[in-house]
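Novice: Chain by chain, the residues:
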Amino acid sequence: MSSPAPSPVHSGARSGRDVAVVAFAQSSHTRRTDQLSEVELVMPVLHDVLKQTGLTANRIGFTCSGSSDYLAGRAFSFTMALDGVGAWPPISESHVEMDGAWALYEAWVKLQTGEADTALVYSYGKSSPGSVRDVLTRQLDPYTLAPLWPDSIALAALQAQALIDAGLTDERGLARTAVRSRRAATANPHAQLRGSADVEDLLRRPYEVEPLRRHDCPPISDGAAAVILAAGDAARALHANPAWIRGIDHRIEAHQPGVRDLTESPSTRLAAAAAGAFDAPLDAAELHAPFTAQEIVLRRALDLDDRVPVNPSGGPLAANPVMAAGLIRLGEAAALIHRGEAGRVLAHATSGPCLQQNLVAVLESSAGGTR
Amino acid sequence: MTTAAELLAGIPELAGAEPVTRVTIPARLEYTYSPGSAQARFLTALPEKRLLAERCPQCTRVYVPPRGACPTCGIATPEQLELPHTGTVTTFCIVNIAAKGLDVEVPYCYAYVLLDGAHVGLHARIGDTPYADVRIGQRVEAVWDDRRLGPSLASISHFRPTGEPDADPESYRRWM
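Going down the list, the protein sequences come from chains A and B. Here the working numbering is used: the first residue of the first sequence is 1, the next is one more, and so on. Here the working numbering is used: the first residue of the second sequence is 1001, the next is one more, and so on.
Isolated chain B (complex conformation):
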């Protein structure tokens, strides 16, 4: 690898100069994020332990969290509906490396939970069960964190198995 000194050696005017090998230039920009109408409705319902979704009037897909638009059809999704707190694991992984700033002990199980009636998976953790038992098709329910209820998905601590029989693969195959 070429050193900074070797690079300077090619510039006669800088012969003998001390190479600059590092500059620190702090920069900070602050933003006030506004989530928009659809996501604001979703977020403000979470402290009441309600899961709000939106249905596309054209393809009838149900999106949670809602974003106000159907990415498939490119149209507004004005119809709102409330979803139950139960769903099906459609994919999962076991995380063994702690994420910076995340207050969760490793290993933990991270999964897509297809809430009953929804057509996109909700990102969630799976808990209260040995990770070796977590599987696609497993039925789960939300465990709310009463100490952290607020306009954030952190209001849901995790999902835990309901003990029901696994879901019929036909019920979630298209939405994995």
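Okay, chain A solo, but in the shape it has when bound:
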């Protein structure tokens, strides 16, 4: 992107209490989980993340989850998943009808207030009961857009075509992104699609929605993820190498995709500036780009060149449990720091059609970047 990095609009996202991700867990993501109810899907992930810290649910200061009733096809579906937490005696708890990355944001705000020192954040998505392509049309303007049922792949194809028309990528470039992501996922035991045919082979395959082929689209996934946040000394006590959230911010663009320039993501750029992403070099980035073309948009908005590894986990092209895929980006970014593989990592999450709403966080080891 040619414009200079904007100055932070406010500094609130980078002051206050030091809060870190101290644990991350996720399910093995699969196309269907017919044998599991939502609580049966979520509970092992909750147990895993709690076990990593030695905490129990009743010692967590705040619990926040993200999910969508439209995926489940049932009202208040998240209340059943809460059975997996053990919310008795009654706990301080909240829910967002959004990706878990926004549940993490709410928990981060709660920790900033000083009302809690630890937080459990989890999210899950079972896309298999319905048709997720159709379900996602229900987030569009109900009067002028939703009646046309423009499905999620058709909208992503409009964005991809706009990028190609602007000379910013081509179908070969998109295929390279798919191959890189799914080959990276061979090292990720939780990923759904691991490995890829080569670019030439992929480009011989038919279009799904032109100019997108199947490899440009995310898999349809069922899955869950959980993260534990802790502030200050609590974080240092719970992990030898906490992943400190140095900045976090989220911004939203117009609801109507037709009024946006789909080749750019000003909301990502603003959120990144407010989170301090441009202040120092990054060791890696986990981007919530479910479609190959969206990674091009995000790379431009974030000034990421080829020196910064993007989605070493494989990213959402390798596993895309809707409502959890954004939280997984934050978790994977933190895990790189936990394992000592990176010192400064950007995590991004998105919501809405064509990257409408975007959250950016910068995570650092205690020593900071770079490795």
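Certain hints may be false.
[Claimed, not checked] Calculated pairs, SDA-like style, for lysine to any residue (alpha carbon to alpha carbon, straight line, at most 20 Å): (1) A:K51 with B:Q1058; (2) A:K51 with B:K1100; (3) A:K51 with B:T1072; (4) B:K1100 with A:A237; (5) A:K51 with A:A237; (6) A:K51 with B:R1173; (7) A:K51 with B:P1057; (8) A:K51 with B:I1075; (9) B:K1049 with B:Q1039.
[Claimed, not checked] Stretch-level coverage of chain A by chain B, calculated; a stretch enters the list once three of its residues show a Cβ under 8 Å from a Cβ in chain B: (10) 30–38; (11) 81–91; (12) 141–154.
[Claimed, not checked] Below, a sample of chain A positions facing chain B; criterion: calculated Cβ distance under 10 Å: (13) L46; (14) G130; (15) I252.
No wet-lab data here; the hints were simulated from the structure. Even for Gly, the Cβ is constructed at its ideal location relative to N, Cα and C.
Chain B: place on chain A using the hints.
Specialist: Structure of chain B alone, referenced to chain A:
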């Protein structure tokens, strides 16, 4: 109340336009619900007139229908057990308004029945008795509907009084 015409009056470009007062936008999404392992076991036992429950290994509470997790302890409930068809009314109401799509004549009595050995009430109707006689502590038993046996709680038509003396309040006080 402001009318649609009054709202349009403030927009010069729409002067004289016929106000749109209603749009109908049909939307239908279809789902295939999967109840998960615990509830599937419960549902598939109903055609055999069996009531399957699960016990929490930590707090020992017995849940019916089972959901695979103890909401109190947040842990899996792998131990399965079969409950008798008898229980105690722990609360009830008389419904006088017919629910849409429910093939039941009003008034009817809707109750929580604490099955013997369970620690949560099962939702059920009470029948074969004057509603004025229904009371907390009353002993009841399941009446199965042989024409509707299937993987659904509709397999139980209703519960009816057994005629036993009322249960000791101490036996159900904690589980109301």
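Novice: Would you mind marking each hint as holding or not holding in the structure?
Specialist: To see whether the hints hold, each was checked on the structure:
Restraint check: the Cα-Cα separation between K51 (chain A) and Q1058 (chain B) comes to about 17 Å, which is no more than 20 Å; the hinted pair holds. With a C-alpha separation of about 47 Å, the suggested pairing of K51 (chain A) with K1100 (chain B) is violated against the 20 Å cut-off. Using a Cα cut-off of 20 Å, the hinted pair K51 (chain A) and T1072 (chain B) holds, with the two alpha carbons roughly 18 Å apart. Distance check on the hinted pair: K1100 (chain B) and A237 (chain A) sit about 56 Å apart at the alpha-carbon level, beyond 20 Å; violated.
With a CA separation close to 14 Å, the supplied pair K51 (chain A) and A237 (chain A) stays within the 20 Å bound. Between the alpha carbons of K51 (chain A) and R1173 (chain B) the distance comes to roughly 35 Å, so the proposed pair goes past 20 Å and is violated. Pair hint K51 (chain A) plus P1057 (chain B) holds up; C-alpha atoms about 18 Å apart against a cutoff of 20 Å. With a CA separation close to 13 Å, the supplied pair K51 (chain A) and I1075 (chain B) stays within the 20 Å bound.
In summary, the hint linking K1049 (chain B) to Q1039 (chain B) is supported, as the alpha carbons are separated by about 15 Å, within the 20 Å threshold. As drawn, the segment 30–38 of chain A meets chain B at 6 residues by the rule of a beta-carbon pair under 8 Å; at three or more, the given contact holds. Counting residues of the segment 81–91 of chain A whose C-beta sits closer than 8 Å to any C-beta of chain B gives 7, which meets the bar of three, so the coverage hint holds. Only residues whose beta carbon comes within less than 8 Å of a beta carbon in chain B count, and the segment 141–154 of chain A has 4; three or more means the coverage holds.
With a cut of 10 Å, the hint placing L46 (chain A) at the interface with chain B holds, because the nearest CB-to-CB distance is about 7 Å. Interface restraint check for G130 (chain A): the shortest CB-CB distance to chain B comes to about 4 Å, inside 10 Å, so the restraint holds. Among the interface hints, the one on I252 (chain A) is violated; its C-beta lies about 24 Å from the nearest C-beta in chain B, farther than the 10 Å criterion.
In the structure shown, a violation is registered for the earlier hints numbered 2, 4, 6 and 15, in ascending order.
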